[in-house]
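Listed here are the chains, written in short residue letters.
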Amino acid sequence: MQAKRTTFPNKFLPYWLLVPQLAVTLIFFIWPAVQALKSSFEREDPFGFKTTFVWFENYRRLLVDPMYVGSLGRTAVFAFSVTALSMSLSLILAVAVNRVLRSNRAYTTLLVWPYAVAPVVVGILWWFMFNPTIGIAPYLLRGMGIAWNHRVDGNQAMIFVVMAASWKQISYNFLFFVAGLQSVPQSQIEAAAIDGAGPFKRFWTIVFPLLAPTTFFLLIVNINYAMFDTFGIIDATTQGGPAQATNILVYKVYTDGFLGLNIGSSSAQSVILMIIVIALTAIQFRYVERRIQY
Amino acid sequence: MIENRPFLAFLTHLVLIVGVVIVVFPVYLAFVASTHGSGDFMRGLVPLLPGPHLIENYSFMLNEGISSAGAPPLWIMLLNSLVMAISIAVGKIIISILSAYAIVFFRFPFRMVAFWIIFITLMLPVEVRIIPTFKVVADLGMLNSYPGLIIPLIASATATFLFRQFFLTVPDELMEAARVDGAGAMKFFRDILLPLSRTNIAALFVILFIYGWVQYLWPLLVTTDSRYYTIVMGIKRLAATADSEPQWNFVMAAVMLAMLPPVLVVIFMQRLFVKGLVETEK
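Going down the list, the protein sequences come from chains A and B. Read in order, the letters of the first sequence are residues 21 to 314 in our numbering. Read in order, the letters of the second sequence are residues 119 to 400 in our numbering.
Because the hints were derived from the structure by calculation, they are not lab data. Virtual Cβ for every residue (Gly too), placed ideally from N, Cα, C. Some hints could be false.
[To be verified] Just a few of them, taken from the derived set where beta-carbon distance is under 8 Å, the chain B residues facing chain A:
1) Glu121
2) Pro124
3) Ile213
4) Phe226
5) Pro380
Please put together the full structure from these sequences, using the hints given.
Okay, here's the thing in structure tokens:
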């Protein structure tokens, strides 16, 4: 790993500089993670007197538990839908802002602030809008002949949380797409225009392929977001219901472990989530290494 | 613009206006709700135009709060959030800049080990290690306290990487010149490196302030005493009671107040915000 050509000769100073960061990391990150790993191989009796080492029993039970497998599937559907919906909306908006000359700062300001809204607040905003008794959206949908009640209908609940979660992520994707679009060389677009390519053809054959690094980066970040940062949205809107329809993995870890107090199973779920994060981070970093060539 | 196509220009603005409406509408609805009296929600549909009770609702929530929901007056929660967000941002910046300095400007045994330990934090978000982390904090007696809210969240790999990247671009000659002039390691850090990092620190502060402000799960776990509630988690408790008693106006006033500080930060510090966001994610 890189360091400066010349360095300071102090022997102990660097350790002192690292102490605060490493102490916090070891106490609040590494140690708990090791504990989770350890208790994922154990089973506690109901009174908490005795713990027995059970090897992969917790994992085995999880993977044959239809509730868990169902949650895994729903998380995949949720993450995929949020990523697709949010990224496509953001791309359209970013391309549009990139075409506007004078008012683009105003539009950008109006589009980026949701980044600062807490996920749970996003949940409450959408919950208010879609409240079956007084919300505006169910009222309008009723006018169109759709009976909306996400408290009963699992599919509607899923659509509902996907919309709320995508709404929050639009600003983030938008900013990165705008940054990506600005680095597309203008000369290539002009050359294509001279050769007679219209705006849509230019977008699909030049701009979109050159955006691939940004798109790929956002893909990973969005999957990560949908899987881990949407806890607040789920908690404020559906709380995993109705009948588990929106119980994504992160929410299930919390309900099983903190409310249901099933430590062994919850730890095994934590470890599975960690493996997913590690995989996503690894993909992201490998890709960042390659991106340098662009 | 390459060619003049009036229809496409029209379409562009149409798309943007629709986009802005989608983004703004949920918040507009909340704002409108926060300006009405409690009785206005009985008719079964939310009003769409602002009402006359704006100041009344907001001052009621700020000073008194809804006691039946077990939530303290909002100003206490706003203050807690402010303390938490600022402490997290400052804490993260301090410990990250120090560790990045150690990693870049010194050669010492276990340098790589330290780097990897910091890197690993990226892969362990709070959500995946809820119970054991809670247990550690409980064993240390940090439940219901500011340190309990703040310290477990201040380790930061992304901030460390950002400073590391930046330090690597600082010319070696600066450091050599400082050493020739007799400056020690800490003097160089204080008088040369810190002033050079000013913009980076400011950009990072904006991002980390927002990060600290929007925390939800962690305050939810470690605070049971309403004196330590942060606004973002306190709101959830308010909302939970809103369905039984129609106090939508008060709940939405609280929602607006919870959103306002970080949103204002983004709007007024947009340049720093964009810089911070794009650079920390690299």
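Quiz item: Taking the closest Cβ pair, is Ile213(B) under 8 Å from chain A?
Solution: holds, 4 Å
Quiz item: Does the CB of Pro124(B) sit less than 8 Å away from some CB of chain A?
Solution: violated, 13 Å
Quiz item: Is the interface hint for Phe226(B) satisfied, with its Cβ closer than 8 Å to some Cβ of chain A?
Solution: holds, 5 Å
Exercise. Grab the minimum C-beta distance from Pro380(B) to chain A and call the hint holds if it beats 8 Å, violated otherwise.
Key: Where the cut-off is 8 Å and the nearest Cβ of chain A is about 4 Å from Pro380(B), the hint holds.
Quiz item: Does the interface hint hold: is Glu121(B) within less than 8 Å of chain A, judged Cβ to Cβ?
Solution: Given a least distance of 7 Å, the restraint on Glu121(B) holds.
Going through the hint list in order, the structure does not satisfy hint 2, though it satisfies all others.
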